[in-house]
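**Q** What follows is the residue order along each chain.
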Amino acid sequence: MKIKVNGEFLTDFSGSIGELLKSKNLSANRVAVEYNGQIISRENFNSTFLNDGDTLEIVHFVGGG
Amino acid sequence: MLTEKDIFNALAERHGLENQKKFANSCVGIAGLGGLGSNIAVYLARLGIGKLILTDFDNVDITNINRQNYILSDIGKPKTKALYDHLMQINPYLNYELHKLKVTSENAVSLFSDCDVVCEAFDKPDQKAMLIQTLLPQNIKIVSGNGMAGINSANLIKTTNPIKNLYICGDNQSDISDGLGLMSPRVAVCAAHQATMTMRLLLNENNI
Chain A
1 MKIKVNGEFL TDFSGSIGEL LKSKNLSANR VAVEYNGQII SRENFNSTFL NDGDTLEIVH
61 FVGGG
Chain B
1 MLTEKDIFNA LAERHGLENQ KKFANSCVGI AGLGGLGSNI AVYLARLGIG KLILTDFDNV
61 DITNINRQNY ILSDIGKPKT KALYDHLMQI NPYLNYELHK LKVTSENAVS LFSDCDVVCE
121 AFDKPDQKAM LIQTLLPQNI KIVSGNGMAG INSANLIKTT NPIKNLYICG DNQSDISDGL
181 GLMSPRVAVC AAHQATMTMR LLLNENNI
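Note that the protein sequences, when read in sequence, are chains A and B.
In terms of the working numbering, the first sequence opens at residue 1 and continues consecutively.
In terms of the working numbering, the second sequence opens at residue 1 and continues consecutively.
By construction, these hints were calculated from the structure, which means they are not laboratory data.
A couple of the hints might just be wrong.
[To be verified] To list a few chain B residues with every Cβ distance to chain A over 12 angstroms, as calculated:
| # | residue |
| --- | --- |
| 1 | Leu11 |
| 2 | Ala12 |
| 3 | Gln20 |
| 4 | Cys27 |
| 5 | Arg46 |
| 6 | Met88 |
| 7 | Ile132 |
| 8 | Ala154 |
[Unchecked claim] With a straight-line Cα cutoff of 25 angstroms, these simulated DSS-like cross-link-like pairs (lysine-lysine) come out:
| # | chain 1 | residue 1 | chain 2 | residue 2 |
| --- | --- | --- | --- | --- |
| 9 | B | Lys164 | A | Lys2 |
| 10 | A | Lys4 | B | Lys158 |
| 11 | A | Lys24 | B | Lys22 |
| 12 | B | Lys164 | A | Lys4 |
| 13 | A | Lys22 | B | Lys124 |
Even for Gly, the Cβ is constructed at its ideal location relative to N, Cα and C.
I would like the entire structure built from these sequences, with the hints used as guidance.
**A** Now the structure itself:
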């Protein structure tokens, strides 16, 4: 399976968006995720399982303003 | 006493008449009036953006003065009111809508649905993510600040467009939770990036 995350191909992952975030040490309440061109709400991270050819953009927020 | 026409003409002389007409007919929301939001508000008021929706739940504190657009006599006042008083000294003929409240996933859409662009200027990362998750599905353009703490080069702060309708300004890395401070010039660079991208979007320049 091949998925594209922030422009880079990932071949060794299978699971949900929630699990992908966990594998990258990203906290689910600090990210915005675009999944195949649509923004996806946090409630759906764990129930959305990634398929071959999926594309994700993950923006991770840091503190300060 | 300067009239509305005096100020509009002066702005049009500097910005160009067609640009000024677009600015005057635009509405921008600013979520959070701290180091980013208070500076963004000043830049946008100087541009003559017709309507600014300004939201913050907090009062001005002595620890804000290092980087936020407030002065010592503002301490203790609501940020919305203190900023309004300053903006009125820049352009008294703009429409300032003030909301002293905490923006939540419940009220964000109704607060900002009339906006052409919303500037996300919170300091907490979960609040940033909440606002974007709430507004992006409504097809509202968002310009967000992400990573401006510390003393690294200003050149690391840039504008990107990783997701449709979402523009991110910052270095995407420096985090106050790593013990970094927030310094006026670097925060202002990030705020100026946000205000610049907002200006471009209002003029239909959608590229970063």
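**Q** Against each hint, give a clear statement of whether it holds in the structure.
**A** Consistency of the hints with the structure:
For Leu11(B), the condition that its CB be more than 12 angstroms from all CB atoms of chain A holds, with the nearest at approximately 28 angstroms. Distance check on Ala12(B): its Cβ is at least 32 angstroms (rounded) from any Cβ of chain A, clearing the 12 angstroms threshold; non-interface status holds. Every beta carbon of chain A lies more than 12 angstroms from that of Gln20(B), the smallest distance being close to 29 angstroms; the non-interface claim holds. With a least beta-carbon separation of about 22 angstroms from chain A, Cys27(B) lies farther than 12 angstroms from that chain, consistent with its non-interface assignment.
Residue placement check: Arg46(B) keeps its beta carbon more than 12 angstroms from all beta carbons of chain A (closest about 21 angstroms). With a minimum CB-CB distance of about 24 angstroms to chain A, Met88(B) clears the 12 angstroms threshold, and the non-interface call stands. In this structure Ile132(B) is not separated from chain A by more than 12 angstroms, as the shortest Cβ-Cβ distance comes to only about 4 angstroms. The claim that Ala154(B) is not at the interface with chain A holds, since no C-beta of that chain comes within 12 angstroms of its own (minimum 15 angstroms).
As the CA atoms of Lys164(B) and Lys2(A) are separated by approximately 23 angstroms, the hinted pair is consistent with the 25 angstroms bound. Distance check on the hinted pair: Lys4(A) and Lys158(B) sit about 23 angstroms apart at the alpha-carbon level, within 25 angstroms; holds. Between Lys24(A) and Lys22(B) the alpha-carbon distance is near 43 angstroms, which puts this suggested pair outside the 25 angstroms criterion. For the given pair, Lys164(B) sits about 16 angstroms from Lys4(A) by alpha-carbon distance, which is consistent with the 25 angstroms threshold.
About 20 angstroms separates the Cα atoms of Lys22(A) and Lys124(B), which keeps this hinted pair within 25 angstroms; it holds.
In summary, the structure is inconsistent with hints 7, 11 from the numbered list given earlier, while agreeing with the others.
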